[in-house]
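Residue numbers (this note's numbering), protein chains in the order written: chain A, 14 to 210; chain B, 14 to 210; chain C, 14 to 210; chain D, 14 to 210.
The hints are simulated quantities; they were obtained by calculation from the structure and are not laboratory data.
Check the hints yourself; a few may be wrong.
Note: identical chains are not told apart, hence a pair may lie in one copy or across any two.
Under the rule of at most 30 Å between Cα atoms (straight-line distance), these lysine-lysine pairs were calculated in the DSS-like manner [what the hints assert, rightly or not]:
hint	residue 1	residue 2
1	Lys116	Lys184
2	Lys191	Lys65
3	Lys24	Lys116
4	Lys65	Lys24
5	Lys118	Lys184
6	Lys25	Lys15
7	Lys15	Lys210
Bear in mind that the values here come from a model prediction, so they are computed numbers and not experimental data.
Protein chains: 4
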Amino acid sequence: MKAVLLNCSLKKSGEESNTGALMGSLVREFNKNNVECILIRVADFFIPPGVKTDMGEGDEWPLIHEKILESEILVIGSPTWLGLHSSLAQRVLERMDAMISEKSKSGVPVAYNKVAGVVVTGNQDGAKQVIANIFYALSEIGFTIPSQAYTFWNKGPGPGESYLQSEEGHKWAIETGKLTAKNLFFLARALQKSPLK
Amino acid sequence: MKAVLLNCSLKKSGEESNTGALMGSLVREFNKNNVECILIRVADFFIPPGVKTDMGEGDEWPLIHEKILESEILVIGSPTWLGLHSSLAQRVLERMDAMISEKSKSGVPVAYNKVAGVVVTGNQDGAKQVIANIFYALSEIGFTIPSQAYTFWNKGPGPGESYLQSEEGHKWAIETGKLTAKNLFFLARALQKSPLK
Amino acid sequence: MKAVLLNCSLKKSGEESNTGALMGSLVREFNKNNVECILIRVADFFIPPGVKTDMGEGDEWPLIHEKILESEILVIGSPTWLGLHSSLAQRVLERMDAMISEKSKSGVPVAYNKVAGVVVTGNQDGAKQVIANIFYALSEIGFTIPSQAYTFWNKGPGPGESYLQSEEGHKWAIETGKLTAKNLFFLARALQKSPLK
Amino acid sequence: MKAVLLNCSLKKSGEESNTGALMGSLVREFNKNNVECILIRVADFFIPPGVKTDMGEGDEWPLIHEKILESEILVIGSPTWLGLHSSLAQRVLERMDAMISEKSKSGVPVAYNKVAGVVVTGNQDGAKQVIANIFYALSEIGFTIPSQAYTFWNKGPGPGESYLQSEEGHKWAIETGKLTAKNLFFLARALQKSPLK
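Turn these sequences into a full structure, and let the hints steer you where they fit.
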């Protein structure tokens, strides 16, 4: 089984990512269940705006799109900016919009029988809204969302430390991340046995 | 298999409900698959504010809570007011908050292995946000959310007709409602075969 | 000048309210500017569901509605439940929906030239979404929203202490509450001098 | 008086924009009040991800940032994709995040005493959530939001025509756009007379 984990941090892979750090809790759990993990730092790729799978010259989204199609599990990780998911997370959702009309061999949208979850970090507030909005988009595209399919970390009111600068709340965020990975794995397996057609 | 459908219209059952009318498209599909449907008009019940399963004297939520526990499928129907789900839909979510810490015999939250979907009507806009917010709450409580697990009807910008006063857009809303019922049924069955524990 | 502060806690006035405690930071600042404060615990009143100003027998909303009309400033305080504003906050918004079509002597909606802000408490996350959604509703109804017209307190990820059980983050939340009150007062005064007609 | 109107369509200026078309209703009203309008098609500019005013080599955001500082009115226009504002609208908000700590001569954030509104188009639903989320961000940054400071156009449920392909609902959307422009103009003038300091 394969999982694609898209880290939608605004920063490229040379820089430390709080969201990426928390996404690591899912990777460790996936590995225990022999789920192969493909980690993608979205900011490293050239992904122009648009709502088609291929926006033409130089577009690197098709590489990511292919990885999603080959996998059973998708995890979207996003920081919060002004209480909202990042522009790169929104870019990813816009590009996945085309998947609504791409059909599998059995005639259902290609995301059917794939499962998805969400990871959010931020230093104030906004995680639940980000999860809600991404859940909606994922369901419209065709993904199935397990029980308690998210983890998040925030720091409470006002300016403050980021995830990697603090130790508070890590235990809950990491345990919940493991639970998310476990719930994703079990549901993906249930759908392999009894796929929607 | 059983489905509970909670109509969170602000109006009691003597009055016509747009949301209830659209929820009917799911009922007809459930019936085809021999899913027993329990339709509940939330406004008919005395449900005081709170976040416990039983808020004491006169509280009628425990009756609904029991029906949810006995079913495999939950559908929440809500009108939009100011672009948001109704106060009765929010009341229902608040009362279901207690289910997060209620465990089944196998030790998981009671909503695990149950599936849920959302139906929204309104005369302007707001359906997608309502669906997103209810999806988040349902996932936190422990429900599993299938592919394309919602339908909605709205009327576009400005004051205008309600669902039952118009015929526009009914075809899409009803077809999508049937799809929602189908997706809920198939996922509930998949989870019966391969339950999360 | 008068301010109405609606505390939409799920609990009645005999019980301690975290939201009410944080709303106190605005009251102290309003008092400094001789703004008369009318504090209302919404759960103490019988407010049936509906979207009219008077829903008939026993309805106590008209008392609150009158206080809002007599004031220049409105503050809505809400806890977060499942990352959303309380069912009582939503009830208040639904009942204020009727104000969109109630006109002042100069022919504009009655909420024109009134200003509004939001206070939110919760033990995890959701404040920014609650503020966003209430801001939208307030603007649709006709209120004007000042710069930085909100304060909130949350506790970060996972179950944890409430506002009154913790001391963390109070400084920022209270200072921001004072700023909100100051911004509301100055904007209300600016609109008194130059009313929209 | 000056207004900056940011069209956050995913398409560059050679292509037709539904959002831009509806934004035109505000421009015509602004012109009547001698408000100079600066129309910016965000997709035409190179705006890298980040939360600073200047992200370095090639960054064209500083040009837009300067126009915003020179103006009294800001209008953000966005399409809806999956019920959410566009990745370019989110990019703009992220870049404006830096304005929270940029202060004017009188020591308040630079956006104080500036007013802002929102225009949304889409072919299904999502406008109210987009407006809510952008209102929150604008208030956090320091803008003041007038009564009924938005217009939108959507098409109701299911796939369908875009704004420029349909005539339905245009009257309401355009009238509401004019009202938004009027409310923005009057509030900007009120704040010129009685600025917050």
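Evaluation of the provided hints:
Taking the shortest alpha-carbon separations for Lys116 and Lys184, only the inter-copy value of 22 Å comes in at or below 30 Å, while the best intra-copy value is 40 Å. For a Cα distance limit of 30 Å, the shortest separation of Lys191 from Lys65 across copies, 28 Å, qualifies, whereas the shortest one inside one copy, 33 Å, does not. With identical chains, the CA atoms of Lys24 and Lys116 are at most 30 Å apart between copies only, with a shortest distance of 26 Å across copies and 33 Å within one. Taking the shortest Cα distances, Lys65 and Lys24 sit within 30 Å of each other both inside one copy (24 Å) and across copies (12 Å).
Proximity of Lys118 and Lys184 under a CA criterion of 30 Å is satisfied inter-copy only: 26 Å between copies versus 43 Å inside one chain copy. Taking the closest pair of Cα atoms, Lys25 and Lys15 come within 30 Å of each other only inside a single copy of the chain (24 Å); across copies the shortest separation is 37 Å, beyond that limit. When the C-alpha separation of Lys15 and Lys210 is checked against a cutoff of 30 Å, the pair qualifies both within a copy, at 21 Å, and between copies, at 22 Å.
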